[in-house]
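Participant: Here is how the chains run, residue by residue.
There are 6 protein chains.
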Amino acid sequence: TIQTLNNQDEIGIVRGLAWTSVGGDTLQIEVNTMPGRGEFRLTGQLGDVMKESAQAGISYIRSVSEQYHISDEYFRKHDIHIHIPEGAVPKDGPSAGVTMATAMISAITKIPVRADVAMTGEITLRGRVLPIGGLKEKLLAAKNAGMKIVFVPAKNEPDVEEISEEIKKGLDIRYAETMEDILPVALMGKISEKKPGKKKKRAEAE
Amino acid sequence: TIQTLNNQDEIGIVRGLAWTSVGGDTLQIEVNTMPGRGEFRLTGQLGDVMKESAQAGISYIRSVSEQYHISDEYFRKHDIHIHIPEGAVPKDGPSAGVTMATAMISAITKIPVRADVAMTGEITLRGRVLPIGGLKEKLLAAKNAGMKIVFVPAKNEPDVEEISEEIKKGLDIRYAETMEDILPVALMGKISEKKPGKKKKRAEAE
Amino acid sequence: TIQTLNNQDEIGIVRGLAWTSVGGDTLQIEVNTMPGRGEFRLTGQLGDVMKESAQAGISYIRSVSEQYHISDEYFRKHDIHIHIPEGAVPKDGPSAGVTMATAMISAITKIPVRADVAMTGEITLRGRVLPIGGLKEKLLAAKNAGMKIVFVPAKNEPDVEEISEEIKKGLDIRYAETMEDILPVALMGKISEKKPGKKKKRAEAE
Amino acid sequence: TIQTLNNQDEIGIVRGLAWTSVGGDTLQIEVNTMPGRGEFRLTGQLGDVMKESAQAGISYIRSVSEQYHISDEYFRKHDIHIHIPEGAVPKDGPSAGVTMATAMISAITKIPVRADVAMTGEITLRGRVLPIGGLKEKLLAAKNAGMKIVFVPAKNEPDVEEISEEIKKGLDIRYAETMEDILPVALMGKISEKKPGKKKKRAEAE
Amino acid sequence: TIQTLNNQDEIGIVRGLAWTSVGGDTLQIEVNTMPGRGEFRLTGQLGDVMKESAQAGISYIRSVSEQYHISDEYFRKHDIHIHIPEGAVPKDGPSAGVTMATAMISAITKIPVRADVAMTGEITLRGRVLPIGGLKEKLLAAKNAGMKIVFVPAKNEPDVEEISEEIKKGLDIRYAETMEDILPVALMGKISEKKPGKKKKRAEAE
Amino acid sequence: TIQTLNNQDEIGIVRGLAWTSVGGDTLQIEVNTMPGRGEFRLTGQLGDVMKESAQAGISYIRSVSEQYHISDEYFRKHDIHIHIPEGAVPKDGPSAGVTMATAMISAITKIPVRADVAMTGEITLRGRVLPIGGLKEKLLAAKNAGMKIVFVPAKNEPDVEEISEEIKKGLDIRYAETMEDILPVALMGKISEKKPGKKKKRAEAE
Ligand SMILES: [Ca+2]
Ligand SMILES: [Ca+2]
Ligand SMILES: [Ca+2]
Ligand SMILES: [Ca+2]
Ligand SMILES: [Ca+2]
Ligand SMILES: [Ca+2]
Ligand SMILES: [Ca+2]
Ligand SMILES: [Ca+2]
Ligand SMILES: [Ca+2]
Ligand SMILES: [Ca+2]
Ligand SMILES: [Ca+2]
Ligand SMILES: [Ca+2]
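Chains as they are written, first to last, in this note's numbering: chain V, 270 to 475; chain X, 270 to 475; chain D, 270 to 475; chain A, 270 to 475; chain F, 270 to 475; chain L, 270 to 475.
Keep in mind that a hint or two might mislead.
Because identical chains cannot be distinguished in the list, a pair is counted as satisfied if it fits within a single copy or across any two copies.
Only pairs whose alpha carbons sit at most 20 Å apart, straight line, appear in this in silico SDA-like list of lysine to any residue [claimed, not checked]:
#	residue 1	residue 2
1	K346	K379
2	K412	G292
3	K346	M303
4	K346	G305
5	K424	Q277
6	K417	P359
7	K412	N276
8	K379	H347
9	K412	S433
10	K346	S332
11	K412	E430
Hint data in this document are derived by calculation from the structure and do not stem from the laboratory. All of these numbers come straight from a predicted model, not from anything done at the bench.
Turn these sequences into a full structure, and let the hints guide you.
Facilitator: Now the structure itself:
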């Protein structure tokens, strides 16, 4: 069944999109941070690929922490917990990478995430967004859950173009090449400006 | 067989409801806290999903610890042990989440839990209460064990309405959207007041 | 074969009762404590349930340590080792819970345990004694090993009543609801007095 | 499908060559370093052989760290994370050894790697480059991805000679006996000079 | 094949007796101690029961360390390594318990062990020696290896009496109830005197 | 295929001999040491027996460290990494014990190992050399790889005598009872003199 989502912007909660054997679904990824010893907990029956995807996300965040005014010490003095309800349902795959990373940045910076934004995409250590599968079902689930903006990987653009307009109607579909395409929108512009001349590592040749 | 329960309010003991192959049952979840090094022990043949559910509960508690006047240092300087008798019976699933969280808060704050309250529901990192299964059998078990109040997830309201009045008669069934619906009743109002304007993250659209 | 037991009171050694495929048997549970770093070792081919039962016992002891004049630091500065000979025989189940807990308290407080006392029962974090199986075979083994007093869980009273007088003759069978029913007898009254008004958590309704 | 690669030199990113059941492919190996406690993380569904290969690489780098002006303390005060997208695809084998080592040295020294260089080869603790398989498919994948220079193990020279000129045309294939044959080219001469008279451990008898 | 043994007394080397599918064999158990951090290593393809047996032995030694003038700090500041050649042959069972304990005490106290003494028996935390199997084959192996004195568990006395005199001829078979029966002989009287009135926990009723 | 070996003496590299399903082979065992925290890494797809063999070797070295002027602190302040190429080929068995130990001593003392010496033999904690299998194939591999001196366990002398002179011709086969027979030759006499009167634990009765 499609999960009915909160309609209020919250810190550390981001809507992901899942592709299951019975169709698309939304996943409300939750992140808590707390004073601790640098431990990283992942719960909600996540598979190996999904856990590695979360680790890629946290490494990306640590590598750009200066940009978001997060101190080096933060990661040593806090624990980070990612949980994906529904706890009895096994989940796997790399496509929640950008969602988990966005939720972590929101939880760390205490900037709320827009409640009407959903996203899907594999993340790399450099914040690149790689293509994923099951787009049609995911877009349908996002729409049914009342999402307005959906970020999909730029490399999935050809897949999106093949999906019928009926499904896409009412959704503002945006293409992401890197996390820097997602964060300003999801965090509503409240993140600090990008430093000019740095991190301009877009792949122009694609 | 239905477990005969203590009829006295105790610290760190909460009645959960289980759904087994032979019907409903009550689980008397016990939590001990002791001076320690921040270790978290889970015994009683708990499965992976149940263990993750306990971890979600402790993260929820840590995220709202300020609200309950629990110091940050508490979790680094104490060990927490959750045990669910009967030790030889394997137990799993996310539905004891709210019960384990309530027992932990009681054990940490040293506020006793009403002995005539039972509860069932998955917990998330933010203290949301998610729906569970086996409600009919669980309510029957609660009744047979002499429980008076039973908390069930708000999203299970349609399931409760389909259960015959004969089973529900004599039970005060209450719907919980978040842990904040459960704690004041289970801890008999002895927890500190909620801070106004904070943590008002109810899902109005449900 | 029935193990011939020592006939002298010893510190940290308690006679348990086991129920095997070939009948009852006695288990001479040994506990050593030594200066250390708070490690807890369990040997003698113990199964998961038995190991968790030992952990429930140590948590119970830590939660009542003040009552027995054991300092908080004790558990951080000592290692505790529970061993159950015969080392090649796999052992499991929760019914050695009270025996392991009694042996640990004896080893920690250096108070000897009566050599003619045997016991069986699951222990909970609060020291409650839960019912177990195989009573007839266990009582027979206790008798053959020369035991005089046998503690059984109060909830097993109906089972005891169905056992023939021939087996029970010569055994002083006592019913335990909590560890506090066992310890004064097993430790021969040498433990410190219970503090009045505290820990009166008996289940009157049973 | 052949991965389209970035066309810009980057720090900590090196193009490897993989041999899969459906042909050759390029792997864009990413390395992040961050202040930490000497932890080494490997993600992207890497098999045991590949993980050991990464460990051989890091040991090689530590053993020659003086040569590259990396302080002993570096490895104790930083975490190193190697990730290989696409995260859902299992990867194994020793042939990414030289690629992972090059990416690590780039990430540690902050010297960018030429974007048009690809490489394949097993690495040993001493930086020797051992032969690998699937050369024809790998060279084809490198060419399709727009690579200009490809390093292959010197011991694979006979295999290269048997590959048709059509495939090799346009590729500058170079033979590597040790990492010291690869690094000056991949890091564009920006690494410090080799100390004369040291590390002259070439195998002349091959 | 029967292992030819050294004929010289050595520190930390004791001859055990094994019972294999092809008959008895001797095992030359080696123990090294070295400055360290309290680690305990067990190599030579030892099974779980044998590893637990070694742990029981070290706990026994720690519990009587005062008696042998070993300081409490010893075990925190040294590593102990037990190795049983031949490294490719899996070994298991509790019957090397007394042998491993004797080798450890020799290695710790630096007192050599008589080269012509062999032994077999399960050890408990209190140094009791429990009965074992395969006695006939073990005695034969001891004899063939040139052993003069063989310690067997006191409770195996009936088994020894049933073995033909031809096998036993030339062997000085001694019965051990506790480690204190073995150590003075194996360590050639060079261990310090037992403190009178302490540790007199023999089982008289056996 | 027979591995062509380096023809130059190197620190921390020793030629072992392996016996595989397709005949003998040489293994070029590499050891790196580096400033660290006493960690011990083993890579190259080594099986359990081989890993334990390496651990026996390091314990042997630690037990004789004084003899080779290695300080106690060395092992706590360095990491040791043993790697055996080819990384994708599983390797197991105890027969590389003496080879790994020799490579470690060379790496720790920085004394090069003769490039024309190969060796095979199980090692014990005391540096005894135990017999191994597959001698004919191993000697053939050593010869094909250009080795001049081959150390084999003294107890394999009868096996060597049965091998045809054609295979042995050109090889200087030496018998080792202990590591002390191997080290002076392999390390070219550059190790410090043995202290007279100590460590004379040869087995004369063999
Ligand atoms: Ca759902
Ligand atoms: Ca673009
Ligand atoms: Ca029950
Ligand atoms: Ca509502
Ligand atoms: Ca028995
Ligand atoms: Ca009663
Ligand atoms: Ca690809
Ligand atoms: Ca060459
Ligand atoms: Ca043998
Ligand atoms: Ca006797
Ligand atoms: Ca080879
Ligand atoms: Ca000899």
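Participant: So, for every hint listed, does it hold in this structure?
Facilitator: Quick rundown of the hints versus the structure:
1. For a Cα distance limit of 20 Å, the shortest separation of K346 from K379 inside one copy, 16 Å, qualifies, whereas the shortest one across copies, 26 Å, does not.
2. Proximity of K412 and G292 under a CA criterion of 20 Å is satisfied intra-copy only: 13 Å inside one chain copy versus 39 Å between copies.
3. For the identical chains of this complex, K346 and M303 are neighbours both inside a copy (9 Å) and across copies (15 Å), given an alpha-carbon limit of 20 Å.
4. For the homomeric pair K346 and G305, the shortest alpha-carbon distances inside one copy (5 Å) and between copies (11 Å) are both at most 20 Å.
5. Only between protomers do K424 and Q277 lie at most 20 Å apart by alpha-carbon distance; the minimum there is 18 Å, versus 30 Å within a single protomer.
6. Proximity of K417 to P359 under the C-alpha cut-off of 20 Å is found in neither arrangement, the shortest distances being 27 Å within a copy and 35 Å between copies.
7. For the identical chains of this complex, K412 and N276 are intra-copy neighbours only, at 14 Å inside a copy versus 36 Å across copies, given an alpha-carbon limit of 20 Å.
8. Taking the closest pair of Cα atoms, K379 and H347 come within 20 Å of each other only inside a single copy of the chain (14 Å); across copies the shortest separation is 26 Å, beyond that limit.
9. Taking CA atoms no more than 20 Å apart as the test, K412 paired with S433 passes inside one copy only; the shortest distance there is 13 Å, against 36 Å between copies.
10. Taking the closest pair of Cα atoms, K346 and S332 come within 20 Å of each other both inside a single copy (17 Å) and across two copies (15 Å).
11. Proximity of K412 to E430 under the C-alpha cut-off of 20 Å is restricted to the intra-copy arrangement: shortest distance 17 Å within a copy versus 29 Å between copies.
Comparing the model with each earlier hint shows a violation of hint 6 alone; every other hint is respected.
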